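The chain contents come next:
2 protein chains.
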Amino acid sequence: MGYLEDFEPGQKFASGRLSVEAARIKSFAMEFDPQPFHLDEDRARDSFFKGLAASGWHTAAMTMRLLVASELKPAGGIIGAGFDEMRWPRPVRPGDELHMESEVLEVRPSKPRPDQGVIKVRTTTLNQNGEPVQIFVGNLIVLRRPVSSGRMAAKSAMSETRAWTPVIARSCNTIASS
Amino acid sequence: MGYLEDFEPGQKFASGRLSVEAARIKSFAMEFDPQPFHLDEDRARDSFFKGLAASGWHTAAMTMRLLVASELKPAGGIIGAGFDEMRWPRPVRPGDELHMESEVLEVRPSKPRPDQGVIKVRTTTLNQNGEPVQIFVGNLIVLRRPVSSGRMAAKSAMSETRAWTPVIARSCNTIASS
Chain A
106 MGYLEDFEPG
116 QKFASGRLSV
126 EAARIKSFAM
136 EFDPQPFHLD
146 EDRARDSFFK
156 GLAASGWHTA
166 AMTMRLLVAS
176 ELKPAGGIIG
186 AGFDEMRWPR
196 PVRPGDELHM
206 ESEVLEVRPS
216 KPRPDQGVIK
226 VRTTTLNQNG
236 EPVQIFVGNL
246 IVLRRPVSSG
256 RMAAKSAMSE
266 TRAWTPVIAR
276 SCNTIASS
Chain B
106 MGYLEDFEPG
116 QKFASGRLSV
126 EAARIKSFAM
136 EFDPQPFHLD
146 EDRARDSFFK
156 GLAASGWHTA
166 AMTMRLLVAS
176 ELKPAGGIIG
186 AGFDEMRWPR
196 PVRPGDELHM
206 ESEVLEVRPS
216 KPRPDQGVIK
226 VRTTTLNQNG
236 EPVQIFVGNL
246 IVLRRPVSSG
256 RMAAKSAMSE
266 TRAWTPVIAR
276 SCNTIASS
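So the protein lines, in turn, are chains A and B. Last residue of the first sequence: 283 (the numbering used here), numbering continuous. Last residue of the second sequence: 283 (the numbering used here), numbering continuous.
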């Protein structure tokens, strides 16, 4: 569990692996992204994707699963305020095995919210060939270390987190093309 | 079904509505974002979110469902190359009813790919009180109208879409805070 003070630019976090099954590509798409290239091998063959491909939102959701189980453990959980950039440079296929790598790009305390700050993290999702399938730069809300020490103080800092306040991404990061 | 030539900045597209159920918030989170504030009412109450909230990726996936069923119908399907910006300005709660509004911001032909182009679209997801819960600016790949007319020509243009080529978002749009 890390507070804002425990993060610094350049830190990297790895994840385990997750297999992508054709049946889940289709059932996810049936609920959330019902387009032929995510639903049916034959119709996918004649589409832009030249074969069945996972919805980008399925890839994003699988990446979140990898992220939550990764070594990146901010105090209070992984809470995204939004992101600056997202790309899907190549499709995710049935049988792919995904993992992700995160790197902290920026750490900054919040001026209006002295109990929290934001870390900017680039998360790259890769397939079994080491090819990136998703790259995003997200802003995570992270609690600052409570001034008074001990369990009660930490609990209090959590409880006193007031109404949800959006953190607006101001910068625009450029990600080197792979 | 619209080709690139049918889109222009300022066009708006609306969607139907989608209800958010507590059980689906939890089951989605169990698979993709297993954190206490998405899984359990009691533990969510003491968290940053002050109550059960949908995973941002669940909101994104529900928005895609609304988008696919909306009036926005590019030829070849809704194919995202990536995003310039995404924000979740407030949580999605059990019982919320979501809809979305999309606006075309920019239309540009692809230089390296004469058969396609990109439309930049801002999609705002709103709850039943008209409050934005998600705002993203995405880049969609859209086919250009085939030069020769008729069904075969259109089919050919689809089939000749070659290997997947990423379209890199170069600009950084600023979205007015709500």
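Each hint should be verified, as a subset may be incorrect.
Pairs involving identical chains hold if they fit within one copy or between any two copies, as the list cannot separate such chains.
Claimed, not checked - Heads up, simulated EDC-like pairs for lysine to aspartate or glutamate below, C-alpha to C-alpha not over 20 Å straight-line:
#: 1; residue 1: LYS178; residue 2: ASP151
#: 2; residue 1: LYS225; residue 2: GLU136
#: 3; residue 1: LYS117; residue 2: GLU146
#: 4; residue 1: LYS225; residue 2: GLU236
#: 5; residue 1: LYS155; residue 2: ASP111
#: 6; residue 1: LYS178; residue 2: GLU136
In short, the hints are calculated from the structure, not lab data. The structure displayed is predicted, hence computed values, not measured ones.
The hints, checked one at a time:
1. In this homomeric assembly, LYS178 and ASP151 come within 20 Å of each other (Cα to Cα) only across copies, at 18 Å, whereas the closest approach inside a single copy is 43 Å.
2. Neither within a single protomer nor between protomers do LYS225 and GLU136 lie at most 20 Å apart by alpha-carbon distance, with minima of 31 Å and 25 Å respectively.
3. Within a single copy, LYS117 and GLU146 get their C-alpha atoms no closer than 37 Å, and across copies no closer than 32 Å, so neither meets the 20 Å cut-off.
4. Taking the closest pair of Cα atoms, LYS225 and GLU236 never come within 20 Å of each other, the shortest separation being 23 Å inside a single copy and 26 Å across copies.
5. Taking the shortest Cα distances, LYS155 and ASP111 never come within 20 Å of each other, neither inside one copy (45 Å) nor across copies (25 Å).
6. When the C-alpha separation of LYS178 and GLU136 is checked against a cutoff of 20 Å, the pair qualifies only between copies, where the shortest distance is 18 Å, while the shortest distance within a copy is 30 Å.
Consistency note: the structure conflicts with the earlier hints numbered 2, 3, 4, 5.
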